[in-house]
Amino acid sequence: EFKILILSDGKYGDRAARVIKKKFNDTKIISIQERNPAEIIDDLDLGEEVEGDIAHADLLIIYIRHPDVVAEICYHKKPTILAVDFGEGFLRQQREDNPNIIMPSSMCSIPSKTGINEIDEYFRHFGYPLFEVKLQNGNGEIPIIREVKTIIESPCGATNVSLECIKIKTDF
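Going by my numbering, the first residue of the sequence shown is number 26, and it counts up by one from there.
Any given hint might turn out to be false.
Stated by the list, open to error - Derived SDA-like pairs (lysine to any residue); straight-line CA-CA distance at most 20 Å:
#1 K103 - G77
#2 K28 - H101
#3 K48 - N123
#4 K36 - R149
#5 K102 - E76
#6 K36 - C133
#7 K102 - S134
#8 K174 - Q161
#9 K102 - P92
#10 K103 - E64
#11 K36 - D93
#12 K47 - E113
#13 K36 - N61
#14 K46 - D34
#15 K174 - P154
#16 K103 - E26
#17 K138 - P124
#18 K174 - N164
#19 K53 - G182
#20 K36 - A96
#21 K28 - N50
#22 K48 - E146
#23 K103 - P92
#24 K28 - D145
#25 K159 - N123
#26 K138 - L116
Stated by the list, open to error - Distance ranges between label pairs, derived from CB positions:
#27 G77 - S134: 29 to 35 Å
#28 P154 - G114: 29 to 35 Å
#29 G114 - V75: 24 to 30 Å
#30 G182 - D145: 20 to 26 Å
#31 G77 - G114: 27 to 33 Å
#32 S130 - S56: 21 to 27 Å
#33 G35 - N162: 46 to 52 Å
#34 E76 - I170: 48 to 54 Å
#35 E76 - E172: 43 to 49 Å
#36 E73 - K159: 19 to 25 Å
#37 G72 - L116: 24 to 30 Å
#38 S134 - D70: 19 to 25 Å
#39 D70 - R120: 44 to 50 Å
These are calculated hints, taken from the structure and not from any lab test.
We treat Cβ as the ideally placed atom computed from N, Cα and C, and that holds for glycine.
Using the sequences provided together with the hints, build the complete structure.
Written out as structure tokens, the structure reads:
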């Protein structure tokens with residue numbers, strides 16, 4: 026089964042983990058110690074458990090806000106989505122060791138074809154919201170929405186929350 030590991034420093038990632046787990050059951054979130062992003066970390070030890078979880082994951086999604094911690098995780102050469110934007114220079118540096126990294130401007134504005142199989146598999150289900158909409162046409166009148174199904178949802182869960190509001194208003 027496709028294993029996704031979400032790494033967080035406690036501030037972000039919990040809701041995404043719950044939403045992602047609905048489609049990828051083998052999703053795990055790990056919170057590591059939050060650090061001041063201005064602090065320089067020379068000797069970082071992630072710990073055996075975190076190292077083991079990284080080794081067994083097919084895809085890493087990183088919601089950590091300290092660039093030194095993120096860089097250390099990126100050295101594992103796993104397909105990785107950086108959910109925190111550290112800038113193009115940081116991304117270029119990380120890609121020198123691990124070309125299988127993307128850093129989207131937001132987690133729901135991601136290209137559907139990255140050329141990285143594990144990331145593309147994730148984006149078949151999550152990213153820029155996509156819906157299948159069934160309409161009822163009535164004698165040249167404005168069509169009425171009869172059914173809406175989510176094809177691709179945002180990892181934060183807002184897509185389906187919004188869809189529930191539409192369903193209530195239109196009484197599907």
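To see whether the hints hold, each was checked on the structure:
Simply put, K103 and G77 have alpha-carbon atoms about 13 Å apart, close enough for the 20 Å limit, and the pair holds. Between K28 and H101 the alpha-carbon distance is near 15 Å, which keeps this suggested pair within the 20 Å criterion. With a C-alpha separation of about 26 Å, the suggested pairing of K48 with N123 is violated against the 20 Å cut-off. A C-alpha spacing of about 26 Å is found between K36 and R149, which places the hinted pair above 20 Å, so the restraint is violated.
About 12 Å separates the Cα atoms of K102 and E76, which keeps this hinted pair within 20 Å; it holds. Between K36 and C133 the CA atoms are separated by roughly 19 Å; this keeps the pair inside 20 Å, and the hint holds. Distance check on the hinted pair: K102 and S134 sit about 23 Å apart at the alpha-carbon level, beyond 20 Å; violated. For the hint linking K174 to Q161, the alpha-carbon distance of about 15 Å falls within 20 Å, and the restraint holds.
Straight-line distance between C-alpha atoms of K102 and P92 comes to about 16 Å, which keeps the hinted pair within the 20 Å bound. This hinted pair does not check out: K103 and E64 have alpha carbons roughly 25 Å apart, beyond 20 Å. For the hint linking K36 to D93, the alpha-carbon distance of about 17 Å falls within 20 Å, and the restraint holds. Among the hinted pairs, K47 with E113 is inconsistent with the structure: their alpha-carbon atoms are about 32 Å apart, more than 20 Å.
Pair hint K36 plus N61 holds up; C-alpha atoms about 13 Å apart against a cutoff of 20 Å. A hinted pair counts as satisfied when its Cα atoms are at most 20 Å apart, and K46 with D34 qualifies at roughly 19 Å. At roughly 11 Å between alpha-carbon atoms, K174 and P154 fall within 20 Å of each other, so this suggested pair holds. The suggested pairing of K103 with E26 holds, with an alpha-carbon distance near 16 Å, which does not exceed 20 Å.
About 15 Å separates the Cα atoms of K138 and P124, which keeps this hinted pair within 20 Å; it holds. With a C-alpha separation of about 25 Å, the suggested pair K174 and N164 falls outside the 20 Å cut-off, and the hint is violated. Between K53 and G182, the direct Cα distance comes to roughly 17 Å. Compliance with the 20 Å bound is thereby established for this hinted pair. Our distance criterion of 20 Å between C-alpha atoms is met by K36 and A96, whose separation comes to about 18 Å.
Note on K28 and N50: the hinted pairing holds, with a Cα-Cα distance of about 8 Å set against a maximum of 20 Å. Of the supplied pair hints, the one linking K48 and E146 holds, its CA atoms being roughly 11 Å apart against a limit of 20 Å. Our distance criterion of 20 Å between C-alpha atoms is met by K103 and P92, whose separation comes to about 17 Å. Taken as a hint, the K28 and D145 pair is honoured in the structure, with Cα atoms around 14 Å apart against an allowance of 20 Å.
The straight-line distance between the Cα atoms of K159 and N123 is roughly 43 Å, outside the 20 Å bound, and the hint therefore fails. A distance of roughly 18 Å separates the Cα atoms of K138 and L116; the hinted pair therefore holds under the 20 Å criterion. A beta carbon spacing of about 32 Å between G77 and S134 agrees with the range 29 to 35 Å that was offered as a hint. Checked against the hint of 29 to 35 Å, the C-beta distance between P154 and G114 comes to roughly 30 Å, which is consistent with it.
The beta-carbon spacing between G114 and V75, approximately 26 Å, falls within the hinted interval of 24 to 30 Å. Under the hint 20 to 26 Å, the C-beta atoms of G182 and D145, about 22 Å apart, fit the expected range. In this structure the supplied range 27 to 33 Å holds for G77 paired with G114, their Cβ-Cβ distance being about 31 Å. Range check, S130 to S56: Cβ separation about 24 Å, and the 21 to 27 Å hint holds.
Evaluation of the 46 to 52 Å hint for G35 and N162 yields a pass: the beta carbon distance comes to about 50 Å. Separation of E76 from I170 is about 49 Å and conforms to the stated range, judged on CB atoms against 48 to 54 Å. Remark: the range hint 43 to 49 Å for E76 to E172 is upheld by a beta-carbon distance near 46 Å. The given range of 19 to 25 Å is broken by E73 and K159, whose C-beta atoms sit roughly 51 Å from each other.
At roughly 26 Å, the beta-carbon separation of G72 and L116 lies within the given 24 to 30 Å, and the hint holds. Between S134 and D70 the beta carbon distance is about 34 Å. The supplied range of 19 to 25 Å is therefore violated. Judged by the Cβ atoms, the range 44 to 50 Å given for D70 and R120 is violated: they are separated by roughly 24 Å.
Hint compliance for this structure: hints 3, 4, 7, 10, 12, 18, 25, 36, 38, 39 are not met, and every other hint is.
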